[in-house]
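Novice: Sequences are here, hints too, so could you generate the full structure?
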Amino acid sequence: SQTIHQWPATLVQPVGSPLSLECTVEGTSNPNLYWYRQAAGRGLQLLFYSVGIGQISSEVPQNLSASRPQDRQFILSSKKLLLSDSGFYLCAWTGDRARRGDEAFFGQGTRLTVV
Amino acid sequence: GIQVEQSPPDLILQEGANSTLRCNFSDSVNNLQWFHQNPWGQLINLFYIPSGTKQNGRLSATTVATERYSLLYISSSQTTDSGVYFCAVGNAGNNRKLIWGLGTSLAVNP
Chain A
941 SQTIHQWPAT LVQPVGSPLS LECTVEGTSN PNLYWYRQAA GRGLQLLFYS
991 VGIGQISSEV PQNLSASRPQ DRQFILSSKK LLLSDSGFYL CAWTGDRARR
1041 GDEAFFGQGT RLTVV
Chain B
5 GIQVEQSPPD LILQEGANST LRCNFSDSVN NLQWFHQNPW GQLINLFYIP
55 SGTKQNGRLS ATTVATERYS LLYISSSQTT DSGVYFCAVG NAGNNRKLIW
105 GLGTSLAVNP
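Chains as they are written, first to last, in the numbering used here: chain A, 941 to 1055; chain B, 5 to 114.
Don't take each hint at face value.
[As the list claims (entries may be wrong)] Stretch by stretch, here's where chain B covers chain A in the computed footprint (C-beta under 8 Å, at least three residues):
1. 952 to 965
2. 1044 to 1055
[To be verified] Looking from chain A toward chain B, a few residues come up when the C-beta cut is under 10 Å (computed):
3. His945
4. Tyr976
5. Gln1002
I should point out that these hints are in silico values taken from the structure, not numbers from a laboratory. Given the structure is predicted, the values throughout are model-derived calculations rather than measurements. Glycine is no exception: its CB is placed at the ideal position from the N, C-alpha and C atoms.
Specialist: If you want it as structure tokens, here you go:
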């Protein structure tokens, strides 16, 4: 079965420090991968998505970047964190053609606090 | 783009009560999912239901695609049902992206 791993679960970082969040998917190949952010309140905002290795689409211009160095690995990065980068970051995948190709499944999330 | 509205925004129930959550969307969709976000933040898939009716235990969902709404029914609610319920939709032109409602925050009191 397919699983998605996301780490770390929580992170406290000072302003100006770099960031690297990692997400990996097991049990499937060529998934579509996504990074979402959920700020205080409830809405989820799509940050990046990727349909293949090295293919990244950015939804919202900001202080973050994403990379996909391997088929089932998706990384969210920043060179210098801002206070406004605080939030709950969620990785997701779709694309299991054997089931419902567009059903999204989420990792457990990373709660980032920038201080 | 598609707009998604959920109602009510907040709901408080006594354990054992039933409830109906609604999701309205502004355009045709071929993907609709209901999620439960637990107090630890994890998003749990409840239903993938672009049309029709499905049931899973005490939960059921109905999507009437022609009228652009979906309903999530919770029967005999339990305290563990507390959390935020999200509806998210996608359509053929936008299928890699889910458009999210703002959720319904549910508190079930013992």
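Novice: All hints are to be evaluated individually against the structure, with a verdict given for each.
Specialist: Okay, the hints, checked on the actual structure:
1. 952 to 965: violated (count 0)
2. 1044 to 1055: Since three or more residues must qualify, the claim that chain B covers the stretch 1044 to 1055 of chain A holds, with 6 doing so at under 8 Å.
3. His945: With a closest approach of 13 Å, the histidine 945 of chain A hint is violated.
4. Tyr976: Holds, about 9 Å.
5. Gln1002: Violated, about 17 Å.
The structure fails to meet hints 1, 3 and 5 from the earlier list, while all remaining hints are met.
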